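S.K.: Listed here are the chains, written in short residue letters.
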Amino acid sequence: MSTDGCGAPAGGVSAPATAGSQAIVEGRVTRDGAAVATGYARLLGTGDEFVAEVPLGDDGGFRFFAAPGSWTLRVLAPGGVRAERLVQADYGQVTNVDVTI
Amino acid sequence: MSRSDVLVDADWAEAHIGDPHVVIVEVDEDTSAYDKGHIPSAVKLDWKKDLQDPVRRDFVDKTGFEALLSARGISDDDTILLYGGNNNWFAAYAYWYFKLYGHDKVLLLDGGRKKWELDSRELSTEVPQRPRTSYTAREQDSSLRALRDEVIDAIGKRNLVDVRSPDEFTGRLLAPAHLPQEQAQRAGHIPTARNVPWSKAANEDGTFRSDEELRHLYEDEAALDFGRDTIAYCRIGERSAHTWFVLHELLGLPNVKNYDGSWTEYGSLVGVPIELGEAR
Chain A
1 MSTDGCGAPA
11 GGVSAPATAG
21 SQAIVEGRVT
31 RDGAAVATGY
41 ARLLGTGDEF
51 VAEVPLGDDG
61 GFRFFAAPGS
71 WTLRVLAPGG
81 VRAERLVQAD
91 YGQVTNVDVT
101 I
Chain B
1 MSRSDVLVDA
11 DWAEAHIGDP
21 HVVIVEVDED
31 TSAYDKGHIP
41 SAVKLDWKKD
51 LQDPVRRDFV
61 DKTGFEALLS
71 ARGISDDDTI
81 LLYGGNNNWF
91 AAYAYWYFKL
101 YGHDKVLLLD
111 GGRKKWELDS
121 RELSTEVPQR
131 PRTSYTAREQ
141 DSSLRALRDE
151 VIDAIGKRNL
161 VDVRSPDEFT
171 GRLLAPAHLP
181 QEQAQRAGHI
191 PTARNVPWSK
201 AANEDGTFRS
211 DEELRHLYED
221 EAALDFGRDT
231 IAYCRIGERS
241 AHTWFVLHEL
251 LGLPNVKNYD
261 GSWTEYGSLV
271 GVPIELGEAR
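From first to last, the protein sequence lines are chains A and B.
Sequential numbering of the first sequence, starting at 1, is according to our numbering.
Sequential numbering of the second sequence, starting at 1, is according to our numbering.
What the hints contain is simulated information worked out from the structure, not anything from laboratory work.
Do not take every clue at face value.
Among chain A residues calculated to face chain B with C-beta under 10 Å, some are [as the list claims (entries may be wrong)]:
id, residue
1, ARG42
2, ALA52
3, ASP58
4, ALA66
Now the in silico label distances, taken between C-beta atoms and shown as ranges [what the hints assert, rightly or not]:
id, chain 1, residue 1, chain 2, residue 2, range
5, A, ILE101, B, GLY277, 36 to 44 Å
6, A, SER70, B, SER120, 29 to 37 Å
7, B, ARG186, A, ARG85, 43 to 51 Å
Because the structure is a prediction, the values reported are computed rather than measured.
All residues carry an ideal CB built from backbone N, CA and C; glycine is no exception.
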């Protein structure tokens, strides 16, 4: 994973991550058991305040390095698909959120 | 300058696929996105390998930019249509970069790659071959770019717009939440800066909000003095290019600069003032 600049990992993320001192929120988006590779995951804070967004990886995966606390994960996919999950993040933990659309 | 001079929708882009005078250019944060599929006929620019000096922290120089565009088959009188992922962050950055080197006709695709994908429009993996050109750039337009001493001097005098997320602004995070947080630098923001996250200027599908909404956001909600000069910054200058595009190109404010050194430079400078917490 690139850590300099804003370079995203080429081809999206790949699991698993090691949390270390990070508060990681990650997961996969699937439809009928198959990975959804075209779509976006958005991390929203209080009041739906936008925090971050990543394109889904080839395996439908996404990952955020959040701060500890409560977040809303929103998935956007073609066809006007939107799905949301509430997630809790904490330092040193990988919070896994798999989303079926 | 108005919205229709700088921003086009996907129908316009589709109608100009294959237009010999319009070069569609994809610029992404994830530099492999293009390879998975791009707008037919689009060429790729790598924001790091192509647009950054490989040694110093700076842009490629005028000669380097000329060599790059010549090799990609881009001419001075071509219309450049830019688009990319991440709600056009890096495409807006490239737009600003093309303007910095004096390219006349530059457009941004509203909604960028995201809206194109979410609308299930055609993507191609075919890489176009464009004949080599002889591109001539102008000297960098210093009226568009702020460097560090100018930023320090602007504290309390000009509008400083910090377009990072509230958590980065207050010092809770050092980078956007989709990136690792390990960074050897101080957190916080430049004193007197207002925090107007770039995302407030965009709709969920990546398109820009209306001029009326944007004007309300910056003038009323953020209380920017539109009579003053403005400098926008973020972490490395690409999100702030998005805001520069809004203020300078869409709203037509005359004196707006992008500080591309942004927080990775400012937050590492010795002796400069830093504020933590909410804007004062």
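S.K.: Does each hint hold? Answer for all of them.
M.R.: Verification of the hints:
1. Nearest Cβ of chain B to the Cβ of ARG42/A: about 8 Å, under the 10 Å cut. The hint holds.
2. Interface restraint check: ALA52/A against chain B, minimum CB-CB distance 4 Å, threshold 10 Å, status holds.
3. Because the beta carbon of ASP58/A sits about 8 Å from the nearest beta carbon in chain B, less than 10 Å, this interface hint is met.
4. Because the closest C-beta pair between ALA66/A and chain B is about 5 Å apart, less than 10 Å, the hint holds.
5. At about 39 Å, the CB distance of ILE101/A to GLY277/B agrees with the hint of 36 to 44 Å.
6. At roughly 33 Å, the beta-carbon separation of SER70/A and SER120/B lies within the given 29 to 37 Å, and the hint holds.
7. Distance hint check for ARG186/B and ARG85/A: the Cβ-Cβ separation is about 34 Å, which falls outside the suggested range of 43 to 51 Å.
The structure fails to meet hint 7 from the earlier list, while all remaining hints are met.
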